[in-house]
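For the sequence shown, the numbering used here gives the first residue as 701, with consecutive numbering after it.
These are calculated hints, taken from the structure and not from any lab test. You may find that some hints are simply not true.
Below, in silico cross-link-like pairs of lysine to any residue (SDA-like), each with a Cα-Cα straight-line distance of 20 Å or less [claimed, not checked]:
no.	residue 1	residue 2
1	Lys1213	Arg793
2	Lys1179	Ala1227
3	Lys1020	Ala1048
4	Lys1065	Ala1122
5	Lys1213	Asn743
6	Lys1097	Ala1122
7	Lys1090	Val1123
8	Lys883	Arg829
9	Lys1065	Val1123
10	Lys713	Asn743
11	Lys1213	Val806
12	Lys969	Asp922
13	Lys1103	Arg1079
If you anchor each label on the Cβ, the simulated ranges turn out as follows [said to hold, decoys possible]:
no.	residue 1	residue 2	range
14	Gln1236	Leu737	42 to 52 Å
15	Glu1037	Glu897	38 to 48 Å
16	Arg985	Leu1264	38 to 48 Å
17	Asp882	His854	40 to 50 Å
18	Glu1156	Arg1072	45 to 55 Å
19	Leu1096	Gln1263	39 to 49 Å
20	Glu1156	Glu1126	54 to 64 Å
21	Glu897	Leu737	37 to 47 Å
22	Val731	Arg810	25 to 35 Å
Owing to the predicted nature of the structure, the values given are computational and were not obtained by experimental measurement. From the three backbone atoms N, C-alpha and C, an ideal C-beta is built for every residue, glycine too.
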Amino acid sequence: MFVRAKRRIEDGKEHRYWSVVENCRNPDGRVAQRQVLYLGEINDSQRAAWCRSVEVLCGGSGPKQVALFPADREAPELDCEVVRIELGALRLRRARQWGACWLALVLWERLELDRFWRPRLPPSRQGTRWLDILKTLACYQLIDPGSEWRLHRHWYEHSAMGDLLGRPAEVVGGHTLYRCLDKLAVHKRAFFSFLRERWETLFDARFDVLLYDLTSTYFESDPPFSDKRRFGYSRDKRSDCVQVVIALVVTPEGFPLAYEVMPGNTSDKTTLADFLERIEAQYGRSERVWIMDRGIPTEETLAAMRAGDPPVRYLVGTPKGRLTRLEKSFAGLPWREVRESVEVKLLAEDGELHILAQSRARILKERGMRRRRLKKLWRRLRELRAQSLKRDELLLKLGAAKKEAGRAYHLVEIRLPEAGQAVTPETFAFALRRDRLRRARRREGRYLLRSNLAGEDPETLWRYYTRLTEVEQAFKELKHDLAIRPVFHQNEERIEAHIFVAFIAYCLHVTLKNLARPRAPGLTPRAVLEKFATTQMVDVHLPTTDGRHLVLPRRTDPTRDQQLPLHQLDLKMPEQPPPRIST
C-alpha cells in the first residue's frame, strides 16, 4: 500500500490528485493497482503524514520502527519517528472471539480445502473473495451455528474472522452470503472424491466397509411446497413441519464420504438401490461391505445385491418378526463366544448367514429398563384405580401412562369399563401377561443380523454391526453441535447449499475429533472449541498528540487450561498482529 499522485494540466497549471492505492493480483496473474482511499489535492505536510500512516500500517518495504513516548515526557533525539501517546486516554474497543475462529481455520488448512475450492470459487470482478465467504460460512456453522442473517448482523462483527481473513466486516453482507451459497451445490460430487483422498492421506482411512443410514431435518416454514419439502415420518418428532430426508454414508471410523438430500416423504426402504448406483458410479465397483439397520433394505434389494456381478456384500439388522420365524431353528444350535460377554449363534439359510447375537451387558441394561418402566406403570394403574374418575378421564390418564411406559405397556392386560359404565374395581382391572413377559425376557439383549458374508469371522461381523453407532453419532453431531435444524431457507438450491455447508463443517468437526483421539482421548471436539473460544481479541486504542490513533490489535494469551490442549494437539498460536496508525 502506498500514496500515488495523478497529474492533470488545467489552464496551464499542474494539479496533483493523491490516492492511497495497493497492488492486487488478478485471477489471471497480472498485478493491478486498486484505489483504497481518494485524498484529493493535499499539501506536502499532509502527504507526509499519510505516508507515515501507510508505512506503519503496511510496513512499507519492511517493518518500520517508531518510538513511543508519553505525551508528558520529552523525547530524546532519535533516528526513527517519535510518536507521543496520551496514556490517560487509552481505550479498549471491539472485544471479539478469536480462538475458535483460529482453530477452525487451522482445521480448514489441515484438510487443504483451499486446494479444492480456490479454482472453483475465484474472486469476482468487484473484488468479492468467495473463498473467504465460504470459510466464514463453514466456520460459523462449526463454532456457533445459526442463520445467515445472524451471521451478517451479529456474529461476524463479534468474531475475529475479519482479522484472520483480512476482510472488514462490511464485506460479509447478507446478499453476499446467499450468492455464495448459490455457487456451491454444483461442486458436491467433486468434493466427495476430494474428501476421500484427504481422509486416506491424513488418517489412513479405509473404505472397504461403509455405514448407511437416514435422518430428517425440518423447516420453520408454511406448507405446501412443490419441491423436496414434504410432510413425512419425522425423526425429530416434528410431524407438524415439512422436512427433507438426508441419507449419509460414513466409514466405521466416522469419516463422512457422501450424502444425499431426498424429499421429506421418502420411505427408507426405497432409497438404497439408487444410492448404491451413485456410489458405484462415482467410486467404481469394489469389494465393499454395506452395513445398515433394519427397515432400510427390502427383500428385493437384498436379492439384487446378492445377484450382482460381483455380488454386493452386506450386513443388516432384521425386524423382530424374522427372529420369531427363525426361533425354532436357532433353538438347537450352540452359543459361540466371540468376545467377553458376547455370544452368537450362526444359521445358514437360503444363501444367507443369520447371526443371533446376545450381549450380557445389553441383557442387564434392557432388563433393568423394562423393570423400571413396568413397575412405574403398575404403580400408576393402582393409583388410577384408587381415584374417583369418569371413564373419559380414565382414558386420558391411561394414554399418558401408555406413552411413558413404552413397550412395557403391552405386557399388561387392561380391562376397561364400557361406555356409560362407572369406573369400579370390577370394570377397571389389570393383570400381567406372563406369556409376553417370558417372550420379552428371551429377547432382551439379543438382535438378529443377516449377511451374505458366509466365510467371515462372527466376531468381525458383530464388530461391524456395532459400528453403526458412528453414523448415529454423525446425525447427533449434525443436529446438535452443528445445528443443521431447523432450516429457514425457502429456495431449494439454497436448502441444498445450507446442508452442504453443514456437511463441510462436519468434516472440520471430524478432523478435530481424529486429531484429538490419539493425543487427547476423551476430549470432544465441542469441548475443544469451547475452550479455545474463550481466547478474545481486543483493539487497544492509544491517541497520539497529533490527532491520530495507534491501534494495537491484541489477543489474550492462552491460559493454563488452553495451553494443555494446545500442547496435546501440537498447535502453536501465531504472533500478535502488527500495530497500525489511523487518523
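Here's how the hints hold up against the structure:
Using a Cα cut-off of 20 Å, the hinted pair Lys1213 and Arg793 is violated, with the two alpha carbons roughly 34 Å apart. Our distance criterion of 20 Å between C-alpha atoms is met by Lys1179 and Ala1227, whose separation comes to about 17 Å. With a C-alpha separation of about 18 Å, the suggested pair Lys1020 and Ala1048 falls inside the 20 Å cut-off, and the hint holds. Simply put, Lys1065 and Ala1122 have alpha-carbon atoms about 40 Å apart, too far for the 20 Å limit, and the pair is violated.
Distance hint between Lys1213 and Asn743 is unfulfilled; the C-alpha atoms sit about 59 Å from each other, more than 20 Å. Taking the CA atoms of Lys1097 and Ala1122, the gap is near 16 Å; set against the 20 Å cutoff, the hint holds. Annotation: proposed proximity of Lys1090 to Val1123 holds, straight-line Cα distance about 6 Å (limit 20 Å). At roughly 13 Å between alpha-carbon atoms, Lys883 and Arg829 fall within 20 Å of each other, so this suggested pair holds.
The suggested pairing of Lys1065 with Val1123 is violated, with an alpha-carbon distance near 37 Å, which exceeds 20 Å. Between Lys713 and Asn743 the alpha-carbon distance is near 16 Å, which keeps this suggested pair within the 20 Å criterion. With a C-alpha separation of about 13 Å, the suggested pair Lys1213 and Val806 falls inside the 20 Å cut-off, and the hint holds. Proposed proximity of Lys969 and Asp922 is contradicted: the alpha carbons are some 28 Å apart, above 20 Å.
Taken as a hint, the Lys1103 and Arg1079 pair is honoured in the structure, with Cα atoms around 15 Å apart against an allowance of 20 Å. The supplied range of 42 to 52 Å is broken by Gln1236 and Leu737, whose beta-carbon atoms lie about 30 Å from each other. Range check, Glu1037 to Glu897: Cβ separation about 40 Å, and the 38 to 48 Å hint holds. For the hinted restraint 38 to 48 Å between Arg985 and Leu1264, the CB-CB distance of approximately 47 Å keeps it satisfied.
Take Asp882 and His854: their Cβ atoms lie about 23 Å apart, and the range 40 to 50 Å is violated. Under the hint 45 to 55 Å, the C-beta atoms of Glu1156 and Arg1072, about 37 Å apart, miss the expected range. Checked against the hint of 39 to 49 Å, the pair Leu1096 and Gln1263 fails, with Cβ atoms roughly 58 Å apart. Against the hinted window of 54 to 64 Å, the Cβ-Cβ separation of Glu1156 and Glu1126 comes to about 59 Å, which satisfies the hint.
At roughly 44 Å, the beta-carbon separation of Glu897 and Leu737 lies within the given 37 to 47 Å, and the hint holds. The hinted range of 25 to 35 Å is satisfied by Val731 and Arg810, whose Cβ atoms lie roughly 31 Å apart.
Violated hints, listed in ascending order, are 1, 4, 5, 9, 12, 14, 17, 18, 19; each of the other numbered hints is respected by the structure.
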